[in-house]
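Undergrad: This is what each chain is made of:
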Amino acid sequence: MINSNEIIDDIANKEYEFGFTTDIEMDIAPPGLNEDIIRFISAKKNEPEWLLEWRLKGFAAFKKMQFPSWQHFKMPELDLQALSYYAAPKKKVQLNSLDEVDPELLATFEKLGIPLNEQKALAGVAVDAVFDSVSVATTFKGKLKEMGVIFCSFGEAVQEYPDLVKKYLGTVVPHSDNIFAALNSAVFSDGSFTYIPKGVRCPMELSTYFRINAQNTGQFERTLIIADEGSYVSYLEGCTAPMRDENQLHAAVVELVALDHAEIKYSTVQNWYPGDKDGKGGIYNFVTKRGICKGNASKISWTQVETGSAITWKYPSVILQGDYSEGEFYSVAVVRNKQIADTGTKIHHIGKGTKSRIISKGISAGRGDNSYRGLVAVGPRADNARNFTQCDSLLIGNECGSHTFPYIESRNKTAMIEHEATTSKIGEDQIFYLNARGIDTEKAVALIVNGYVKEVLNQLPMEFAVEAQKLLSITLEGSVG
Amino acid sequence: MLTIKNLHAEVEGKQILKGINLEIGKGETHAIMGPNGSGKSSLASVLAGRENYTVTEGEVWFNGKNLLDLSPEDRAREGVFLAFQYPVEIPGVSNLNFLKTALNEIRTYKGLPAIEGRDFLKLTKEKQQLVDFNANLMNRSLNEGFSGGEKKRNEIFQLAMLDPQLAILDETDSGLDIDALRIVSNGVNKLRDAEKSFVVITHYQRLLEYIVPDFVHVLYNGRIIKTGTKELALELEERGYDWLKEELHLKESV
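Going down the list, the protein sequences come from chains A and B.
Numbering-wise, the first sequence is residues 1 to 481 according to the numbering used here.
Numbering-wise, the second sequence is residues 1 to 254 according to the numbering used here.
Some hints could be false.
As the list claims (entries may be wrong) - With a straight-line cut-off of 35 angstroms between C-alpha atoms, the simulated DSBU-like cross-links for lysine-lysine are:
hint, chain 1, residue 1, chain 2, residue 2
1, A, Lys-413, B, Lys-125
2, A, Lys-425, B, Lys-100
3, B, Lys-245, B, Lys-196
4, A, Lys-443, B, Lys-245
5, B, Lys-18, A, Lys-454
6, A, Lys-470, B, Lys-151
7, A, Lys-425, A, Lys-352
8, A, Lys-425, B, Lys-26
9, A, Lys-470, B, Lys-196
10, A, Lys-425, B, Lys-151
11, B, Lys-245, A, Lys-454
12, B, Lys-26, A, Lys-454
13, B, Lys-26, A, Lys-443
14, A, Lys-443, B, Lys-5
15, A, Lys-166, B, Lys-5
16, A, Lys-470, B, Lys-125
17, B, Lys-125, A, Lys-454
18, B, Lys-151, A, Lys-443
Source of the hints: derived by calculation from the structure; they are not laboratory data.
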């Protein structure tokens with residue numbers, strides 16, 4: 001019979017699997033946030049004038065803003081002047097040929113389980129790999145291009161498809177949306193760009209893999225996905241970072257645009273370095289993600305599995321502008337040790353007959369603190385809008401926290417909004433029942449947790465659902481109620 | 001198969017078992033009866049290894065192994081099965097997935113390979129029919145939303161699937177109507193054989209009309225105060241427990 005405290009210590013000391021660093025020559029800009037560095041980044045990337053202007057507008061907005069104070073955690077001290085805003089592997093990256101990519105980088109991604117060699121890659125998944133500030137490789141580009149699908153790094157899109165970028169950049173998350181989005185607008189380095197043409201069902205999963213490696217840098221990437229009329233795309237992002245004692249900031253922006261009858265499925269498996277058991281180090285994951293269902297009967301679905309980061313702070317949202325459009329949010333957020341998560345979603349029902357569904361599953365262990373914060377807003381035009389929200393919390397141990405902050409604003413009498421919430425603890429009774437059938441405590445917890453999150457994991461593409469399930473088992477190894 | 005010697009146990013500092021002695025042979029069925037609070041369910045919990053019970057004295061041997069040294073999961077893997085009085089619900093975990101996990105844990109312990117999917121389904125079907133368990137319940141979440149009777153029948157289905165050497169049925173009859181009682185008892189009777197032993201804990205003689213025991217023990221105040229055959233159960237049904245208590249007090253005062 002195992003003592004619960006021992007087991008809780010055990011998970012606390014569990015090593016982070018992806019904590020290695022890559023030793024590679026880097027181009028790193030000197031620390032400091034100012035107009036010069038913004039001009040430097042823009043010049044380095046050979047950007048057109050309009051984009052530099054847009055960055056500077058973002059910076060101007062940023063300077064007028066304060067850090068928020070409504071969040072359910074103490075805002076950490078961030079010295080944005082001490083960060084370097086540009087870090088890239090020195091070797092010139094040839095985006096058209098994988099042979100030109102530094103073998104050290106290929107080895108890094110291979111070690112992370114993301115082979116960039118197309119022969120070795122997961123069948124049916126195209127990957128854009130982002131290492132610190134730049135995209136190092138994008139697989140299956142040629143094959144996708146045959147169908148008119150554009151999938152490339154953001155920097156490349158600015159050069160090759162400036163009209164598309166200009167038309168949509170900042171239309172979902174404006175440069176002045178919030179302080180971190182404004183910062184991102186000013187200094188974003190790279191990211192992914194995707195365009196699915198009219199009527200095309202993207203034949204493979206698209207995915208971006210983000211890796212922070214350099215020290216004292218932040219990662220500020222932007223992702224823009226446009227699904228033209230009647231198209232479909234499923235997109236997945238994964239992230240890891242080395243173990244370092246100091247905190248690192250990740251302030252990304254993701255914008256999704258779905259036109260008439262288009263559908264975008266966006267999945268995240270976030271496993272940034274969470275810091276050690278005393279809360280030292282780890283990534284601050286302060287991300288703005290928003291999609292707009294611009295067209296009628298369009299659909300955007302967010303699925304997130306958040307297991308990493310010292311602080312996860314994000315609300316992937318959907319603006320349901322088109323009539324009969326649909327938004328979904330499926331989330332599993334796990335905190336342990338001293339991790340913090342303040343996450344949820346915002347759904348704005350604007351068009352008539354719009355529908356939304358929110359399923360949030362929080363798991364708190366150790367001394368972790370988990371908050372669900374969500375807004376469902378129904379506008380006056382949104383006749384017969386419907387929302388269903390289910391918000392569950394699972395507690396493991398006696399030192400963790402779990403909070404729910406649901407906001408509902410309805411300005412239409414025909415709207416139907418449902419909210420269900422539960423809080424449960426993995427009971428000793430449940431564990432003992434499984435023990436008495438020959439299942440040890442570790443496996444029993446994994447079984448119960450996987451049962452609890454099944455509804456969300458079912459939304460992930462098959463291979464990733466299996467990965468996420470493993471990740472959860474590792475993350476929660478040894479926890480008992 | 002099972003030898004209990006002078007077993008004392010307490011829960012939260014309160015002495016519950018005060019010197020139990022019991023010998024259960026291969027293929028035997030023993031009934032344990034007794035008034036409320038006599039320690040019947042505590043005995044079941046101690047044998048299965050529930051954490052909040054502390055054994056303060058005594059020994060329990062199962063097939064030559066010291067049962068009290070084993071973790072609850074190892075006891076199960078060695079072949080001890082407890083059919084719970086109040087089976088818990090585990091949302092999201094399918095009955096079948098749970099059973100497959102349990103079966104494979106037991107097989108791994110015995111050095112056997114994991115069961116093939118097809119063989120598992122075959123076994124499932126066979127056992128489900130044997131104990132007359134509703135096939136629709138197999139794919140549902142473990143006990144979630146099951147009626148009291150369905151939960152008890154699920155315990156017997158699990159018993160059939162895991163095929164232990166010793167099954168302890170903890171008040172399996174409580175909360176069952178007469179039809180469910182008959183189905184559950186039929187299931188148990190079909191599982192009885194020369195290799196398997198049963199400990200049937202019950203409050204009422206009614207269950208023993210269906211599952212006929214070889215021995216009947218009366219537990220009172222943490223001790224076995226009388227042992228007999230099935231006729232003892234009938235006598236208890238007729239006369240209640242008070243005459244036994246009086247007999248005991250007389251003995252003790254001598």
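Undergrad: Under the criterion that the straight-line Cα-Cα distance not exceed 35 angstroms, is the pair Lys-470/A, Lys-196/B satisfied?
TA: violated, 38 angstroms
Undergrad: Are the Cα atoms of Lys-425/A and Lys-151/B separated by 35 angstroms or less?
TA: holds, 21 angstroms
Undergrad: Need the status of pair Lys-443/A, Lys-245/B: alpha-carbon distance at most 35 angstroms?
TA: violated, 46 angstroms
Undergrad: Is the hinted pair Lys-425/A and Lys-352/A satisfied, with a Cα-Cα distance of at most 35 angstroms?
TA: Violated - the C-alpha atoms of Lys-352/A and Lys-425/A are around 40 angstroms apart, more than 35 angstroms.
Undergrad: Sort out whether Lys-26/B lies within 35 angstroms of Lys-425/A, counting only the CA atoms.
TA: violated, 40 angstroms
Undergrad: Between the alpha carbons of Lys-443/A and Lys-5/B, is the straight-line distance 35 angstroms or under?
TA: Within the cut-off at roughly 33 angstroms; holds.
Undergrad: Are Lys-26/B and Lys-454/A close enough, with their CA atoms no more than 35 angstroms apart?
TA: This hinted pair is violated, its Cα atoms lying about 43 angstroms apart.
Undergrad: Is Lys-166/A within 35 angstroms of Lys-5/B, Cα to Cα?
TA: Status violated; Cα separation ~83 angstroms.
Undergrad: Is it true that the CA of Lys-245/B sits at most 35 angstroms from the CA of Lys-454/A?
TA: Cα-Cα ~53 angstroms, so violated.
Undergrad: Taking only the CA atoms, is the gap from Lys-18/B to Lys-454/A under or equal to 35 angstroms?
TA: Not satisfied, since the Cα-Cα distance of roughly 46 angstroms exceeds 35 angstroms.
Undergrad: Compare the distance between the alpha carbons of Lys-245/B and Lys-196/B with 35 angstroms, and conclude whether the hinted pair is satisfied.
TA: Answer holds: Lys-245/B to Lys-196/B is near 32 angstroms, not above 35 angstroms.
Undergrad: Holds or violated: Lys-26/B and Lys-443/A, Cα atoms, limit 35 angstroms.
TA: Judged against 35 angstroms, a Cα distance of about 32 angstroms means the pair holds.
Against the hints set out earlier in the document, violations occur for numbers 1, 4, 5, 7, 8, 9, 11, 12, 15.
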